[in-house]
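Visitor: Using the sequences and the hints given, assemble the complete structure.
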Amino acid sequence: MYVLPFEKPVVELLTRVKDLRELAKSDQRLTTELRRLEDKAGKLARELFADLSPWQKVQLSRHPNRPYTLDYVETLFTDWMELSGDRRYAEDAAIVCGLAKFHGKSVAVVGHQKGRSTKDKVTRNFGQAHPEGNRKACRIYEMASRFGLPILTFIDTPGAYPGIGAEERGQSEAIGACLAAMSRAEVPIVATIIGEGGSGGALALGVANRVHVLEYGTYSVISPEGCASILWKDGSKADEAATRLKITAPDLLRLGVVDCIVDEPAGGAHQDPAAAARLVDTALWTALRELEGLSPAELVADRYQRFRAIGALLA
Amino acid sequence: MTWPQRKPAGLDASEKKSFGKGVFRKCDGCDETLPAEDFEVNFEVCPKCGKHHKLSADGWRELVLDDGKLDEWDAHLAPTDPLQFTDGKAYPDRIATAQKNAGAKEAIEIGRGHLDGRPIAWGSFLFAFMGGSMGSVVGEKITRLFERAVTERLPVVLLQASGGARMQEGILSLMQMAKTVGARERLRDAGLPFMSVLLHPTTGGVAASFALLGDVNIAEPKALIGFAGPRVIESTIRQTLPEGFQRSEFLLAHGMIDRICSRLEMKRELSVLLGHLGPQAHG
Ligand SMILES: [Zn+2]
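Those protein sequence lines, which keep their order, are chains A and B.
In this text, residue positions in the first sequence follow the numbering used here: the first is 1, and each later residue adds one.
In this text, residue positions in the second sequence follow the numbering used here: the first is 316, and each later residue adds one.
Just so you know, nobody snuck in bad clues.
Using 25 Å as the maximum straight-line C-alpha spacing, the simulated DSS-like pairs for lysine-lysine come out as follows:
#1 A:Lys233 x B:Lys404
#2 B:Lys415 x B:Lys369
#3 B:Lys369 x B:Lys582
#4 B:Lys404 x A:Lys237
#5 B:Lys341 x B:Lys369
#6 B:Lys369 x B:Lys537
Bear in mind the hints are in silico, worked out from the structure with no lab data behind them.
Model, not experiment: these values are computed from the prediction.
Guide: Laid out in structure tokens, this is it:
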């Protein structure tokens with residue numbers, strides 16, 4: 001497990017809890033001690049993480065052990081069938097799409113996927129989609145709308161890929177088409193920012209009726225590094241830029257960009273992926289329940305009004 | 316055919332007299348030094364080499380709209396500072412400077428005008444205003460442009476020149492991409508045409524939202540059009556980019572735009588296209 005410097009005290013405590021949990025399995029007398037330590041660890045983790053800077057949250061949102069889309073797929077859904085390809089040019093593994101059952105009902109799933117091993121990271125291009133990934137997503141949005149399947153998206157990308165091939169094959173148009181297809185879909189859409197919400201590439205999965213963000217997720221128009229290099233010609237001032245850009249979950253809630261913050265387990269989602277998945281599950285279930293009474297036209301109108309209202313201006 | 320001829324605007328008699336004494340400009344395309352008036356009467360297109368220099372929003376109105384007249388909508392909408400953003404200079408100060416220089420409250424003008432007698436909904440970016448960047452006000456005005464076009468049954472002609480989303484309004488700028496595209500889709504549902512005119516440059520959040528979703532995408536020659544800026548791409552892939560990369564001709568070759576059109580032909584082409592796609596003019 002990779003440990004960030006500021007995670008250390010929390011990780012040490014959580015490790016002690018884990019060890020004690022193992023021992024308690026064979027020795028009932030330790031149960032009280034275990035409960036006490038679990039409580040203490042939870043409280044301390046909350047305290048230590050309450051004061052995290054925006055830049056530290058960015059690092060958590062990019063944590064290499066953080067659960068990715070396919071980890072949530074495994075725990076939240078049954079009958080998973082991955083669907084591949086944009087039908088035009090290629091399959092792009094930076095975005096995974098598929099059909100699955102969520103609490104017994106079929107849904108369409110679209111999510112960015114970062115790699116875990118070095119080889120997998122390269123295959124998935126670090127979660128940075130080419131136009132093909134976005135066009136695959138677009139195809140699934142349209143199909144889900146035709147078949148009346150709710151769409152659940154999982155956002156976790158540094159951004160859409162900036163490269164020669166990406167430009168040749170129309171990255172701009174591919175993202176624009178995703179925004180249009182999501183706007184038009186006559187089904188409920190719930191987006192969850194599970195990690196990094198990087199710019200247009202994130203938004204291509206983000207035009208939803210409800211947008212959720214995990215406690216240590218971020219969502220930004222530009223990466224803090226990119227912002228710093230534009231403003232101060234110095235990418236190392238990313239921590240400063242992270243603060244100025246207002247990209248953390250509480251900022252996003254205050255600005256009306258997300259509808260709810262999904263709590264993470266003590267120390268972050270990567271410390272207890274199963275618990276994180278349970279919290280995401282509850283949030284998704286609640287959102288879908290709220291949307292299930294709306295007609296197709298009402299769902300489209302609800303989404304339009306949701307984004308129509310975002311912005312700050314003097315009239 | 317007759318080429319448009321522009322009266323040198325904004326010059327009084329005394330300034331005109333000074334022409335002889337040497338108000339000259341060098342062309343960025345061919346390096347020729349020519350009287351400034353030669354560029355101006357030609358809508359900033361070099362008469363020697365055809366290089367398209369930037370034309371102001373005023374110039375575009377004069378070039379494309381009948382009598383250069385625009386009945387402007389929502390000119391009063393002004394930006395605010397939702398993030399209390401500063402990068403050494405506070406965002407409100409940046410806005411104030413831009414407003415003073417551009418003589419406008421924001422980086423786009425929208426309204427109703429006529430093109431060869433046909434009423435149209437018109438939008439035109441002011442690149443001089445913070446690089447035509449899209450924050451809340453630009454997003455709102457583009458949304459209103461599409462919405463009002465639907466209500467008044469007008470085709471939309473939108474001229475883009477923008478570096479993308481406005482960083483100073485952070486995530487709210489990103490959200491304008493979703494908002495504007497939603498409105499563009501309402502125009503589609505209403506069966507009204509969207510003529511997307513791509514000027515130099517059209518990149519980032521503007522390119523990746525409505526700009527390439529025109530029923531017809533039409534670009535000026537050699538305009539830079541793309542998702543990522545060339546410097547970002549170069550630093551990502553650590554290669555020098557090929558000549559002509561992300562220029563209009565490149566996009567045409569890769570199937571992303573319908574036409575490349577000289578500025579001096581733009582009105583005629585838009586007029587013919589709107590004649591095909593309607594809606595029919597009143598009466
Ligand atoms: Zn020239």
